[in-house]
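K.L.:
Listed below are the residues making up each chain.
Protein chains: 2
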Amino acid sequence: MPRDRVTLAAAWAWIDAQPAAPARELVPVVQAAARRLADPVASGADLPDQSRAAADGYAVCAADCDGASAYNPLPLVVQGAGPLARGAACLVGAGWPMPGGADAVLPQEAAQPAGSWLDVLAPVAPGTGVARAGAIWRAGTMLLEAGRRLRPQDVACLAALGVTAVPVLRRPLVRLVVAGPKAGSDVLTPLLEALLARDGAIADRAPDLAYAAAPDAIILAGRSGDGPDDTAAAVLQAAGGTLALHGVALRPGETTGLGAIGPVPVILLPGEPLACLAAYDMLAGRLIRRLGGAGAGLPYRTVHAALARKIVSGIGLTDIVPVRWQDGRIQPIGEAGLAAAVQADGFVMVAEGSEGYPAGATVPVHLYEAADP
Amino acid sequence: MPRDRVTLAAAWAWIDAQPAAPARELVPVVQAAARRLADPVASGADLPDQSRAAADGYAVCAADCDGASAYNPLPLVVQGAGPLARGAACLVGAGWPMPGGADAVLPQEAAQPAGSWLDVLAPVAPGTGVARAGAIWRAGTMLLEAGRRLRPQDVACLAALGVTAVPVLRRPLVRLVVAGPKAGSDVLTPLLEALLARDGAIADRAPDLAYAAAPDAIILAGRSGDGPDDTAAAVLQAAGGTLALHGVALRPGETTGLGAIGPVPVILLPGEPLACLAAYDMLAGRLIRRLGGAGAGLPYRTVHAALARKIVSGIGLTDIVPVRWQDGRIQPIGEAGLAAAVQADGFVMVAEGSEGYPAGATVPVHLYEAADP
Chain S
794 MPRDRVTLAA
804 AWAWIDAQPA
814 APARELVPVV
824 QAAARRLADP
834 VASGADLPDQ
844 SRAAADGYAV
854 CAADCDGASA
864 YNPLPLVVQG
874 AGPLARGAAC
884 LVGAGWPMPG
894 GADAVLPQEA
904 AQPAGSWLDV
914 LAPVAPGTGV
924 ARAGAIWRAG
934 TMLLEAGRRL
944 RPQDVACLAA
954 LGVTAVPVLR
964 RPLVRLVVAG
974 PKAGSDVLTP
984 LLEALLARDG
994 AIADRAPDLA
1004 YAAAPDAIIL
1014 AGRSGDGPDD
1024 TAAAVLQAAG
1034 GTLALHGVAL
1044 RPGETTGLGA
1054 IGPVPVILLP
1064 GEPLACLAAY
1074 DMLAGRLIRR
1084 LGGAGAGLPY
1094 RTVHAALARK
1104 IVSGIGLTDI
1114 VPVRWQDGRI
1124 QPIGEAGLAA
1134 AVQADGFVMV
1144 AEGSEGYPAG
1154 ATVPVHLYEA
1164 ADP
Chain H
794 MPRDRVTLAA
804 AWAWIDAQPA
814 APARELVPVV
824 QAAARRLADP
834 VASGADLPDQ
844 SRAAADGYAV
854 CAADCDGASA
864 YNPLPLVVQG
874 AGPLARGAAC
884 LVGAGWPMPG
894 GADAVLPQEA
904 AQPAGSWLDV
914 LAPVAPGTGV
924 ARAGAIWRAG
934 TMLLEAGRRL
944 RPQDVACLAA
954 LGVTAVPVLR
964 RPLVRLVVAG
974 PKAGSDVLTP
984 LLEALLARDG
994 AIADRAPDLA
1004 YAAAPDAIIL
1014 AGRSGDGPDD
1024 TAAAVLQAAG
1034 GTLALHGVAL
1044 RPGETTGLGA
1054 IGPVPVILLP
1064 GEPLACLAAY
1074 DMLAGRLIRR
1084 LGGAGAGLPY
1094 RTVHAALARK
1104 IVSGIGLTDI
1114 VPVRWQDGRI
1124 QPIGEAGLAA
1134 AVQADGFVMV
1144 AEGSEGYPAG
1154 ATVPVHLYEA
1164 ADP
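One line per chain: the protein sequences are S and H, in this order. One gets my numbering by counting positions in the first sequence from 1 and adding 793 to each. One gets my numbering by counting positions in the second sequence from 1 and adding 793 to each.
Everything labelled a hint here was simulated from the structure, so no lab data went into it. A few of these clues could be false.
No distinction is drawn between identical chains; accordingly, a pair holds when it is met within one copy or between any pair of copies.
[Unchecked claim] Simulated crosslink set (SDA-like; lysine to any residue; CA at most 25 angstroms straight-line):
| no. | residue 1 | residue 2 |
| --- | --- | --- |
| 1 | LYS975 | LEU1002 |
| 2 | LYS1103 | ARG942 |
| 3 | LYS975 | PRO812 |
| 4 | LYS975 | PRO900 |
| 5 | LYS975 | ALA999 |
| 6 | LYS1103 | HIS1159 |
| 7 | LYS1103 | PRO821 |
| 8 | LYS975 | GLU1128 |
| 9 | LYS975 | ALA958 |
| 10 | LYS975 | GLY933 |
| 11 | LYS975 | THR957 |
| 12 | LYS975 | TRP1118 |
| 13 | LYS1103 | PRO1157 |
| 14 | LYS1103 | GLY1153 |
| 15 | LYS975 | GLN843 |
| 16 | LYS1103 | LEU966 |
| 17 | LYS975 | GLU1148 |
| 18 | LYS1103 | ALA918 |
| 19 | LYS975 | GLU902 |
In this text, all values refer to a predicted model and were calculated from it rather than measured experimentally.
Between the sequences and the hints, there should be enough to build the whole structure, so can you do that?
P.N.:
Rendered as structure tokens:
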């Protein structure tokens, strides 16, 4: 492995110094869920646009119902559409415009229809069952801030505003060049495509670096070490690229490299699958999440849990220790490589200044559950 | 609204009594991330298939390095491929088969090449840098259980097993029939399409119930009450369907209905967007998540937080109260409808037997963040 390893903090500093001004694109509102909004959105008009019934019932003048009860039903004339006459009531459904002169919607359970009359069985306070113009929001109200990852209700809000297409941050396009496996089948392509999709990026599988589309980042996966067949660094140089850092004090993941071809950042990831996963999460994913307008943080939920067994770690290396739940505590996983990755419910990071944790210590655990990118 | 409302528990019991045996389909491994595995997966063979180098370095017989140090370098002959001779070393890269007779990989930093010789600068323990056959997993090891939502590393595991297509649970196909809005633009279609996509379902927008494809469930959205223009129940009946329940003691969402057309469950959802969201989450989503092989639980993360202001709730109704974070506490939202939905960070459920919570009470909050369906 490269001998001049930098700290994880130095690698993060390099990543965070890369320009990250995501481009934007316009998408139909029905495809905007889970995308990040490019511009803030304010309401252009009051909602509702006019005073509307908020419930099914009878539009009335509340004063006409004063004193009504089951023992003292008050009669009102049932009228059709148009401004409400005093002493009258008009059947309305939720969402209908309130007739002029009406100030409340009498619930159906407080009304006893009797032909062209209605017996009011309870009083109703003015404003009951009415959504006044602007009751949901007023024109000019700031509704959705730029950068927000749109939730279903946010998309509904855009639709309510009459927006049909919305500017969102473009998904980062990541060229993915995977070295052929040393043995067995290609594990890195499905691993990295799934990670990129999870982080909101579009994987652009390419046979080599000469491939033409202009990506936002490039991942060269496999052959990242300095063993006899580790060609990734040479491939990058041959394509006119440079390595800014090669070797990170991260275990697994030591052979990760960070560089560029022209303005495009390039990350070399190790070929061992667990190392590739760890290095993606800690380094490549950080770059890609930033390019997509997300924060630099891990896309995993963090909880605190007690260790069932001690973790020993070397000073000077950040260790990524896969763990699984066991009886409400977390247990470092004895298996290696992919077996550890599939058995893991999450991982513990042991910082480079730490020698590990004793059994029973409560530590932060990053859970392998998808969170919003 | 319907007057014979059932409790939320009764509505859940109806939903949970619906058959939920998701069908399966075969998908390419590269498209299997985030899908649910239909069958358990065990390894068919040892991984590695044979003893392989786990690191770059020199394959050696560890005994040949005993006593080596920088002050006492021990020379070894560098040989090419083939079984290792005693007193020899062979350059290997991580993943390469170990030469016969070698039992350790000497790290490059412990070796000083000198032409056709190598000076060993440190001893190495037998097994160092070697992944023996089956070190990751043995043939027959159970790796992935049925029903697991496949994570990136799980997909990598399938690829490592040589699987190219994997049986997963089919996404539920949900016919979505949305009544025209009473005012303004259609908010329900984008809202429900986003919710269905989040919950792993495929929305099949249809103009009416007569549409032909055979869905796993049907959502009729809007016009679910019993006001003058509330036609959903009648539309269902005209199509030969029946309502098992109409009216749920859920606020908002009281006008939700549960029924069927033939063997296909049908859910009537209210047209007011916040009510539609609440009723989808509490009822329709539960059905759909079960149809997709997920648990019946809410797809939201739950935390506990202190209330900044009291919540008052009526006995006999389950209240869904949108809340937002404010100074580390949660604040019930004063706004109504969509404005509350977009401002909400989550919601508090107040059970039907509760009159609410005082200010300062610590309550469970369901956060509007996507979690794994």
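K.L.:
Take the hints in turn and mark each one as holding or not.
P.N.:
Checked hints:
no., hint, in the structure
1, LYS975 to LEU1002, "within (20 angstroms within a copy, 55 angstroms between copies)"
2, LYS1103 to ARG942, "neither (39 angstroms within a copy, 30 angstroms between copies)"
3, LYS975 to PRO812, "neither (35 angstroms within a copy, 47 angstroms between copies)"
4, LYS975 to PRO900, "between (74 angstroms within a copy, 19 angstroms between copies)"
5, LYS975 to ALA999, "within (19 angstroms within a copy, 50 angstroms between copies)"
6, LYS1103 to HIS1159, "within (17 angstroms within a copy, 34 angstroms between copies)"
7, LYS1103 to PRO821, "neither (52 angstroms within a copy, 40 angstroms between copies)"
8, LYS975 to GLU1128, "within (21 angstroms within a copy, 60 angstroms between copies)"
9, LYS975 to ALA958, "between (47 angstroms within a copy, 22 angstroms between copies)"
10, LYS975 to GLY933, "between (60 angstroms within a copy, 23 angstroms between copies)"
11, LYS975 to THR957, "between (50 angstroms within a copy, 18 angstroms between copies)"
12, LYS975 to TRP1118, "neither (33 angstroms within a copy, 51 angstroms between copies)"
13, LYS1103 to PRO1157, "within (14 angstroms within a copy, 33 angstroms between copies)"
14, LYS1103 to GLY1153, "within (8 angstroms within a copy, 39 angstroms between copies)"
15, LYS975 to GLN843, "between (69 angstroms within a copy, 13 angstroms between copies)"
16, LYS1103 to LEU966, "neither (41 angstroms within a copy, 47 angstroms between copies)"
17, LYS975 to GLU1148, "neither (34 angstroms within a copy, 65 angstroms between copies)"
18, LYS1103 to ALA918, "between (66 angstroms within a copy, 23 angstroms between copies)"
19, LYS975 to GLU902, "between (75 angstroms within a copy, 23 angstroms between copies)"
The structure does not agree with the numbered hints 2, 3, 7, 12, 16, 17 stated previously, though it agrees with the rest.
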